[in-house]
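Residue numbers (my numbering), protein chains in the order written: chain R, 1 to 257; chain E, 1 to 303.
Honestly, I wouldn't trust all of these hints.
Unchecked claim - Listed next, the in silico DSSO-like pairs over lysine-lysine satisfying Cα-Cα at most 27 Å (straight line):
| id | chain 1 | residue 1 | chain 2 | residue 2 |
| --- | --- | --- | --- | --- |
| 1 | E | Lys106 | R | Lys248 |
| 2 | E | Lys188 | R | Lys248 |
| 3 | E | Lys143 | R | Lys221 |
| 4 | E | Lys78 | R | Lys221 |
Don't read these hints as lab results, they were simulated from the structure.
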Amino acid sequence: MPKRRLGLWAAALAGYAFLYVPLVIVIAYSFNNSRLNAEWVGFTLDWYVSLFHDQDMLVAAGNSLGIALMASLVSTVLGTAAGVAMYRFPSRILSVLVLAPIAIPEILMGVSLLIFFVLLNFTLGLVSVALAHIAFCIGFVAIVVRARLAGMDETLTEAARDCGASPWNTFRYITLPLIMPGVIAGALMAFTLSIDDFVITFFTAGAGTVTLPLQIYSMIKIAVTPEVNAVSSLLMLLTLALIIIASKISPTLLRSE
Amino acid sequence: MPARTASRLGRWLVSGPPMLYLILFFAVPSLIMVLASFRTPGEFGGLAPLVEEGKLDLNLDSYARFFSESVYAQIFLKSLWYALLTTLFCLVLAYPLASLIARSSKRYRDLLLLLVILPFWSNFLIRVYAWMIILGPNAALAKTVNGVLAWFGHDPVPLLFSAFAVLVCLVYVHLPFMVLPLYANLEKHDQALLDAAQDLGANRWQRFWRITFPLSLPGVYAGAALVFIPAFGIFAIPDILGGPSDSLIGNVIKQQFLETRDWPFGSVLSIVLTVTALALAGLAAWIARHNLGTPSSSKEARA
C-alpha cells in the first residue's frame, strides 16, 4: 500500500513543518541585518553583540540561571524522594500532591502563590520564584524517577537486604546508582522547566525582579527588535541541548508522561 | 527497633519532605485561594480583614458577581470554545503524525518522537513570538493574503492581533500534548485486526473509522485533556497575539490580580476555571473507561 503511506507521509511532513518553521524563522532573523523581522536583508552578528552589552539582559540571564540552579537542585532531591515514595509506599495523598501541580492550569498555581506570599509578607523576588519553581518541578522529577524504578530489577535490593544491608545502605549503594540516569535526567528537566517558565514566574517575581522569559515578554510587548530573536535562539539552544542530553541518559523520559 | 517501626520511619523519611514542601507551597496556597474567593476585596486591593467588628466576613458576593455580570460568562464561554477548537485542530494535526511514528520502524521511531517533543521544550514565549513574526503586517504571509484579497476587491485584513492569530498559536503550542498519548495508544494496536478487516472486504475508510479510530479513543481522550486544560487557562497568547476583543478568562484573572487587585473575584474566576477544566478532563477519562465495551480497548484505557 505505497499510496496510503505517501498520503500519511505528506500529512505528517506538514505537521513537522508546522512545528519547526516558526522556530527556524526566529533563529534565521536573529542573523538578519535589519531592525524589522519582515524580510531577509543580509547576515550580521550585531544582535548577538548588542545582547552581551545589554545590562538588563545580562542581569535577567544571571537571575534565571541562579533560580534554575537552585530550583533544579532542591526539586531533584525532593522529587527523587517523592518518586521513590510513590513507588515503594504508594499513597493517594502523595500522588495527588505530586501530580496535581502538573495537571492544573499553570495560572492557578501562579495566582495562589502570589496570594500566599503577599499574605505572609514574604518579599516577592528571586527566592519566591525559586520556591514556586521547586513546587512544580518536583512532580516532573518524581515521574522520571518512578519510571526508572519500575524498570529496575527488584531482586538486587532484596539480595542486599538479605545480606544484611540497612535500608539506607541498600538505597545508597544499590538503588541510587541504578536510578541515577533517571535522577540526572530529572534534574536537567527541572533546570529546563525553571529557566523557561513564564506564567508562574510572572505572578511570583514582583515588580523588581526580571528573568529571561520576563525580559523577553516585556521586549515583545513594548518594542520588538531582533535582539529578542538572538536571546531566544541562545535560550533555545541551551534548553534543547539539555533535553536531548536528558533523553539520551534516560530514554524512558520521552514516554514517561 | 522492631522491623515494622523501622519501615514506618523509612516511609516517613522518604515521603515526608516532598509532602511537606508540597503541602506548604501548593496545598496551603490553593486553600487560601479558595478561602479568598469567599472574602471581601480590600479597600486598596487584596483582601479586607477576615474578622471585622467581631464578625467573620465570609460571603458569596464574588460568586454572585460572576454569575450575574454577563460579560464574564461571555468571556468564559469564549475561552471554553477556543479551548475546544484548539483540541479539535490538535487532534486533526496530531493523528497523521502519531500514526506515522507508530508505524515507522523502531530505528526511526525515537527520533521522530523526539522531533515532536523538542518544540515543546523550547521556550513558550519564543514560540508565541515566532507567530508575531510570521503573522506580522510586513511579513510575506500577510502580504500574500492581502494581495489575494485585494484581487477580489476585499479590504486588507490584519492577521496579527486577531482571533485567528490566537487560535493558530494555541494549536501550535499544544500540538505535542496530543501527539504523545495518541502515539502511545496507536503503537499498541494489533495489525492483525486491520488485516482481518481487509480480508473481510473493509476499505481504507471503514478500517479507519470502525477499527483504528474507536480503539484509539483512550489516547484521544487523554490527549484532549492534556490540550484542553492548559489551553483553557492561557493568558499570554491572547495577551501577545490577540486584539483588545480577544481577551480570554486567563487575561481577566491576570487583570484581577495585577491591575484591579480584586483578589476575591480573581480567585472565583480561577476556581471556576480549574473546576470546569478538571471536570471536563474527568468526564473524558470516565467516557474512555466506561463507554468502550471491548476487552482490548478497556485494556488500552488502563495502560
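Hints, verified against the model:
1. In summary, the hint linking Lys106 (chain E) to Lys248 (chain R) is supported, as the alpha carbons are separated by about 16 Å, within the 27 Å threshold.
2. For the hint pairing Lys188 (chain E) with Lys248 (chain R), the CA-to-CA distance comes to about 23 Å; that is within 27 Å, so the pair holds.
3. For the hint pairing Lys143 (chain E) with Lys221 (chain R), the CA-to-CA distance comes to about 23 Å; that is within 27 Å, so the pair holds.
4. Between the alpha carbons of Lys78 (chain E) and Lys221 (chain R) the distance comes to roughly 24 Å, so the proposed pair stays at or under 27 Å and holds.
Going down the numbered hints, you'll see the structure goes against none, and every one checks out.
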